[in-house]
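Novice: Sequence:
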Amino acid sequence: MRLVFQCTVCGVLYLPPEGLAWSDGRAASPLWCNRHHVAAAARGITENPAAVALALAAARLRTGVPQAEEQPPRPDVRPSRPARTRRVSRAATGRSKLK
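Numbering of the sequence shown is given in the numbering used here, commencing with residue 1 and proceeding in unit increments.
Calculated directly from the structure, the hints in this document are not laboratory data. Incorrect hints may appear among the rest.
What follows is a list of derived Cβ distance ranges for each label pair [unchecked claim]: (1) S80 with V52: 18 to 24 Å; (2) V12 with A53: 16 to 22 Å; (3) R62 with D24: 24 to 30 Å; (4) R84 with R2: 49 to 55 Å; (5) V52 with R81: 33 to 39 Å; (6) G25 with A51: 20 to 26 Å; (7) D76 with W22: 38 to 44 Å; (8) S23 with S80: 49 to 55 Å; (9) S80 with G11: 45 to 51 Å; (10) D76 with G19: 30 to 36 Å; (11) V4 with R43: 23 to 29 Å; (12) A41 with L13: 33 to 39 Å; (13) P75 with P49: 34 to 40 Å; (14) R81 with V12: 53 to 59 Å.
For glycine and all other residues, C-beta sits at the position ideal for the given N, C-alpha and C.
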């Protein structure tokens, strides 16, 4: 599933390539749409790494892609302790009134 990003300047939703790199070799930005990314590069403005990580996390949340460290539980998980199979009868545990 591809990630959908939202530009932090104009608020438009955009869909960059999966590898975050355009076909001509330029890097795509998770913060800015193509128009604002080109304008920021022309001014010499670089992306804040913390803001990039936040934009990637927001895009994963928006599209429902699980985080890297988040893994679904295994369906074949067995209990840590074996089930108790030996049953205790009432005669062994009950006291006799005749004693």
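Novice: Now, for every hint given, state plainly whether the structure supports it.
Specialist: Hint by hint, here is what the structure shows:
At about 41 Å, the beta-carbon gap between S80 and V52 misses the expected band of 18 to 24 Å. Between V12 and A53 the Cβ separation comes to about 21 Å, which falls inside the hinted range of 16 to 22 Å. A beta carbon spacing of about 27 Å between R62 and D24 agrees with the range 24 to 30 Å that was offered as a hint. Taken as a hint, the range 49 to 55 Å holds for the pair R84 and R2, whose Cβ atoms sit roughly 50 Å apart.
Checking the proposed 33 to 39 Å range against V52 and R81 shows it is violated: the Cβ atoms sit about 45 Å from each other. Between G25 and A51, the C-beta spacing of about 23 Å keeps the proposed range 20 to 26 Å intact. For D76 paired with W22, a C-beta distance near 43 Å keeps the hint of 38 to 44 Å intact. Between S23 and S80 the beta carbon distance is about 52 Å. The supplied range of 49 to 55 Å therefore holds.
In this structure the supplied range 45 to 51 Å holds for S80 paired with G11, their Cβ-Cβ distance being about 50 Å. For D76 and G19, the hinted distance range of 30 to 36 Å is satisfied, since their beta carbons lie about 34 Å from each other. Between V4 and R43 the CB atoms are about 26 Å apart, so this pair conforms to the stated range of 23 to 29 Å. Our hint of 33 to 39 Å for A41 and L13 is violated, since their Cβ atoms are close to 21 Å apart.
The hinted range of 34 to 40 Å is satisfied by P75 and P49, whose Cβ atoms lie roughly 37 Å apart. Range check, R81 to V12: about 55 Å between beta-carbon atoms, so the 53 to 59 Å window is met.
Of the numbered hints stated above, those contradicted by the structure are hints 1, 5, 12, listed in ascending order.
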